[in-house]
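Okay, here's what each chain looks like letter by letter:
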Amino acid sequence: MSLKDVEVRSRKTEVLIALAVILATLPIIIGFSLIILSSFSKSMVTNFDPKSFHPTLENWINLFQGKSAAVGGLREDILKYTLNTAIVALGVSLLVTLVGTMSGYAISRMNFRYRKQFLLLILLLHAFPGSVLIVGVYFIYRLIAPLALGSITAFSFFYVIIARAALEIPMATWLMKGFFDLIPWEVEWAALIDGASRFTVWRKVMLPLVKPGIAAILLFGFLAGWQDLIYVRTFLAEKTLATFIEYNLGAPEYAEMPLVAAAATLYLLPTIVFFVTSQQLLLKVSLAGLKR
Amino acid sequence: MGRLKAISKYVVIGIVVVLIIVAAVAIYVMQRPSVGPTSVELTGDFEKDVVEVGKALEANGVSEVTYSVWSGGDPNSVMRVLGIVEAAHRINKIWSDNGVDVRIKVETRYERDPGAIYDEFLSKQPLGQAGDFFVNSYIYISTLAEEGYILDITDYAEKYSDLMDDFYPTILDAMKWRGRLYGLPQDTEARPLYFRKDVAACAGLDLTGLADKVKNGEFTWKDLYNWAKQVKDTGCADWGVIHRKGSAHPDLIQFIYAFGGRLYNPDTGKLVVDKEAIYKWLYVEWKMARDGLIPENMMEWDWGTQIHPTTVNGKTLVFIGGTWHWTEWQTKMYYTDPETGEPRGLKAEEVKNFFYYTLFPAGEPGKDPVTLSQPYAWMISSKAGIKNPNYDALKELYHELAFLILVKASDPDINAIHSIISAHLPVRKASAQLIADENWVNKLKNLEIDLSDDVKNQIKDIVEATVNPINTEFLSNVSYMLEYTHTTPIHPLYPKLAEIFKDAVDMVLRDEKDPAGAVQYIISSVNADPDLAAEVEIVGEIPGGWSYP
Amino acid sequence: MKIKSKGFFTRRTSEALIFILPALILIIIFYILPVVLSIYISFTPLKNWNLDRYLGEIVGFRNYEKFFYMLQHDPIIRNVFLTTIVFITITLAINVLGGLGLALATYFVSEKLSAPFRTLWLLPRMAPIAVYSLVWYYFFHGSEIGTLNSFLMHLGIIKEPISWGHDIIPWGPWSIIIFVNGLVGVSFGMIVFTSAISNIPKELVIAARVDGASNWQISRRIFIPLMKWHILYVTTWQLLSLLTTYAHIFLLVQWGLVSRQYGTTWSLYIYQVAFTGRTDQGLAAAAGVILVIVGGILGYITLRMLGFEKMITRPRGDI
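Top to bottom, those sequences are chains A, B and C. Taking this note's numbering, the leading residue of the first sequence gets 1, the next gets one more, and so forth. Taking this note's numbering, the leading residue of the second sequence gets 293, the next gets one more, and so forth. Taking this note's numbering, the leading residue of the third sequence gets 842, the next gets one more, and so forth.
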C-alpha cells in the first residue's frame, strides 16, 4: 500500500526516509548475512576479517545428508524435521486464524454479557509466563493422552497445534476486533435485512473486508508455530528444525558451528518465502481497492 | 432456537456414546492376562539367562521387543547408543542360535547437548515417552533415582558379580545412590593439562620429566605461574593458561581438590563450601588474569573460534582440557594450515608433536595433583519396555531383558571401541587389556572385528579418522591418571552450587570482585537460597597472608 | 422489515456464543485451566515433572516464602530490579514507537523498497531463538571476533576491542538486551500497524494531499487517530510480553556475553532460580503467580490510561 500512483511527492523526503530505514536495518542485515555466509565457510565468519572466510559447500552437503558433524554423530532426517516444523506452523496458523476471526467478529459486532470482561481477561492472561504455564498444559496432556489410542505421534502433533494455537487466540481476537471495528455498521445491516444468516454475513461480507487483518494473523500464527520450542520439546514425539538447531547450539563446545549456521539458514528460507507471498496478497487487496 | 437445542442434545448423546466405547476398548486392551511366565530368575550365566527370558517372552506371544536409547555428547561418542544396538544384535544372534523366535529392535537418539536430552528425559519419562535406556553423566543419577525415573538394578547386578568385579571400583561407586545401584559404567575420562611443546621450547622451558614432577607434587601451580610468566615475557605465546568457559564444573573444580579442599561430606551427605580451598583457587585465577597470563574474559570466549583454535595453533602454553580433545582436534577443523591458510583437523602425529600432558598440578607444595572424571552411566528407565505388548503384565521381563542388554553392552570390545574412537578411558580391566593389544587395535582399524554390519557402517568414518597407534598410545599413557581422580559430589543440588562458582570465577577474572569478595559472594548466594543453604556446610576460613605465586 | 423480536436476547447471545465458542473452549482448556493449575502447583513442592508424587502434597506458602527470602538476600537482586525497570520502559517505547515509525516510513516510500525491508525486520522474529542469540553474541562479542568491535577497529574509531557486555556498566549490558529484544518487538508493532494503515481508505489521504498536507501531518491527523485501538493493543501486549520474556536474553547471559547482574531481568531471574541446576516447578509457579499479579495490575493501568473504556463502544452490529 503506497502512494506511488497518487501524486508526485518530494524525492528528497523519500530518499531521506529510505536512508533512515536502511540505517536502522543495517545491524540485522549484517548479523544475519554473517550467519548465512558462515554456512558456506569452513569456519565461522563473525567479523570483517576476510581471512576467516574459507568457502565450501560441505556444510550444506552434510546437512542434507542428515549429519550433525563432519565426522561422527548419527544421521538425522533433516527433511522430516522441516516437514514437522511446517505441519505445526501451518496447523497453528490456520487454527488461530479461523478461531480468531470468529471471536474477533463477535466481540466487535455483537453485544453480549461479559463482553468487556472477556476481552480484558484474555489480554491479561498474557502476563502469565510460558515456562510456568507449561506444567498445567502438561498435566492436561497426561489426562487426555489415553484418548490417543495407539498413535502417540499423531496425537502429539494434534495436541501441540491446539495448545500452541490457544496461546495466540487472545492476540488474534484483539487484533481482529480492531479490524472489524473499522467497517461501518451499515454494511452488515444491509446484509442481515436481506435475510442472510449471521454466519453468511461473517463469511461472505465481513471476512473479505478485513483481509489485511487476516494476513497478519496468518503470519503471526505461522511464526508462532514455526518458532515454537517449549511446546514442541515437551510434547511432540518428533523433532522439528527448531529443536534440532537448539540442541546443537546448547552444546557449543561440541557443536559444529558452520553446519548449525547452514541449518539456521535453511530454517529461515521458507518463512521468507511465505512472508513475501503473503505480502503479495496484502498488496493485491489494497490495490484492488476496498470499495468504500 | 429449538433446532439448536435438538442438535445439541444429539451431539451430547453422541459424545457420551463415543466416550463409553473408547473407555471399554481401553479397559479391554489393557487387561489381557499373560499366558506364560512373567519373570525369570537370573542366574549370572548370560546365555542361559538371555535364552530363558527370550523363551518367556515367546510363551507370552511376543515376537519383537522395541527399545529406544537416548544419549548425548560429542560427535565421536556414538557408541553410547550404538553399544545398545550392538548388544541387541548379539542377543538376537544368541536367540536365533537357540531357536528362540524373538528379536530386539533398537531406536536411537544421540544429541549434541547431554543437558538438553536430560531435560527432555525428565519431562517425557512420566508420560512414558522417554528413552528406555538413558546414557548420560552420572551426576543425573541422584535426581533420576530420587524421582523413581530409573531402575534400581542392585538385585540384578548381584547375580553378575564377575562383571561387577571387573569394573574399576571408584567408577562403579559413582553409579550408586543411597547405597543402591542405578547404572552400569559406560565410560570415564581424565582431564589432563595440555602443554604446548613448541611454546615451552621457545620460552626455554624444559618439559622432560614434567609429568612425573607433577605426579610427585614437585611441580605445582606456583611453578606454573612462573612458567606462564616466562612464556608471556618472552613473547612466545599470547597466553599462559586458558580453560573452558560457560561452567566451573567440571574442569575448574579440580582447583578445589588440588588445594586439598572438599566438596562433599559423606557423613552428613551434604555439600561443602571449603572457604580456604576456594579462596586459593579464585586467587590463582585472579592473579593470573591481573598479570595477563589468562584472559580476563575467559568465560566469554567462543569455543569454536577462540578456545580451540588458540590451543591448536599454539597461542597458549597450557590448556586445561580433557582426554577426548586429543581426538576431537583431529576430527574438527580448528587448525590453520601454515602453508595453505585453510582450516583443517590435526593429524595424529601433529597432536603428538604439539602436546605434552600431565595431571592437574597440586595447588601448592604439600598438596597432591588431581584429575577429575565424570563417568557416564548406562541407565534403564523405570518404564523400559512400555512400548511393547502387554507391558503391565510383562513389565518384569522387559526390565530383565533391558538389564541383560546392559550387561552385553558392557562387553570389553564395545567399551574398548568407544574408548579409542572418542578418547575416553575404559571402565573395566578387560577393555584396558584390549586397548593395549596391538593386534586387536589393528583389526579394529580395518573393521575386521566381530561387529554387526549396522554398527560398523555407522562408525566407519570415526574409526578411519581416529584409530591409530598414536591415539591408543595416548590412552594407555593417561590411564595412570585414574589413580588420582576425583568425582564431583552425587547430590541433587550440586549443579546449583556449580553455577554459583561459575559466576564467582567470572567476577575475579574481570576484577569485579577480589578473591575474598568473591568467596563472600558465593556464601551470600548459597545462603540466599533456603534449599541450598540447608544442604551446604560452610567450613574453613580465608587464609590470612597467603600469597601467590 | 422482518425483525425477529421473539426471544431476541437469547437468540443474540446464542449467536454470539457460536462465534465465541471455539475460542472459549481453547482458551479455557489450554490457558485458563493451566493458570489455575499453576496457582495450585505453587502450593505444592512439585519438581522434575513428577506430578504423581508431588501433586497431592500441599506445603502451604513455602514456595512463596522461599521466593521472597531469595529476593531479600540474593546479592544481585537490586541490580535485577533496576535492570527490569530500565529494560521494560525503554524497550516498550522502542517497540511501540519503532513499529509505528517503520509502518509509517514504509508507507511513504515506494512499495518495491518497503516490502524487502519489512521482510528483513521479520527476521528477528522468524529466527530460532538460539540462532538469533548467536547473531548478537558474535555481533557484540567483547574480543576481536566481535562484529561491532571489528567494524569500529577497521574504521579506526577504537584501537582495542571493547567488552560491551561487561566493561560498560550498566549501560553496556542494558543496551544490548534492549537492542536484542527491541528488534524482535518492533516487528510486532510494524506488522500490526502496517495492516491497520492498509485498511484506511485511500481517499482520506488523497484528499489531505490535495490540501497540501505533509507526511507528518497525514500521519498525525489521519493515521494515528484511526489506529488508536491498535496502538492500545500493541502497547499493552508488548508491556506484558516484556514482563514475562526471558528467552531472548537467557542465552546471552549463559554464553557470557553480558554481565549476569545487569543482563538479568526479573523473568529471567525467576527462570534461573527455578530451573538452573534443578527443575523446581513449585517455586517457579509461585514466582509466576506473583509476576502475573504485577503484570495484571500494570496491564490494567495501561489500558485505563490509554482509554480502553472509551474504545469499547457498544456494538451496533445487530438489527
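Honestly, the hints are just simulated from the structure, not real lab data. The reader is advised that the hints may include incorrect statements.
In silico DSS-like links for lysine-lysine, alpha-carbon gap of 27 angstroms or less [claimed, not checked]:
1) K80(A) with K748(B)
2) K1043(C) with K116(A)
3) K340(B) with K301(B)
4) K607(B) with K42(A)
5) K451(B) with K468(B)
6) K907(C) with K567(B)
Covered by chain B, according to a simulated footprint, are these stretches of chain A (three or more residues, beta-carbon under 8 angstroms) [stated by the list, open to error]:
7) 38–52
8) 132–142
9) 186–194
10) 229–237
11) 251–261
Residues of chain C placed beyond 12 angstroms of chain A at every Cβ, according to the derived structure [unchecked claim]:
12) Y872
13) Q913
14) H914
15) I918
16) N920
17) V927
18) A934
19) R966
20) I1009
21) I1010
22) L1073
Backbone N, C-alpha and C fix where the C-beta goes; we use that ideal spot for every residue, glycine too.
Now the hints, each set against the structure:
no.: 1; hint: K80(A) with K748(B); result: holds (25 angstroms)
no.: 2; hint: K1043(C) with K116(A); result: violated (32 angstroms)
no.: 3; hint: K340(B) with K301(B); result: violated (62 angstroms)
no.: 4; hint: K607(B) with K42(A); result: holds (21 angstroms)
no.: 5; hint: K451(B) with K468(B); result: holds (17 angstroms)
no.: 6; hint: K907(C) with K567(B); result: holds (25 angstroms)
no.: 7; hint: 38–52; result: holds (count 6)
no.: 8; hint: 132–142; result: holds (count 3)
no.: 9; hint: 186–194; result: violated (count 0)
no.: 10; hint: 229–237; result: holds (count 3)
no.: 11; hint: 251–261; result: holds (count 7)
no.: 12; hint: Y872; result: violated (5 angstroms)
no.: 13; hint: Q913; result: holds (21 angstroms)
no.: 14; hint: H914; result: holds (23 angstroms)
no.: 15; hint: I918; result: holds (18 angstroms)
no.: 16; hint: N920; result: holds (21 angstroms)
no.: 17; hint: V927; result: holds (20 angstroms)
no.: 18; hint: A934; result: holds (15 angstroms)
no.: 19; hint: R966; result: violated (6 angstroms)
no.: 20; hint: I1009; result: holds (18 angstroms)
no.: 21; hint: I1010; result: holds (22 angstroms)
no.: 22; hint: L1073; result: violated (9 angstroms)
Hints 2, 3, 9, 12, 19, 22 from the earlier list are contradicted by this structure; the remaining hints agree with it.
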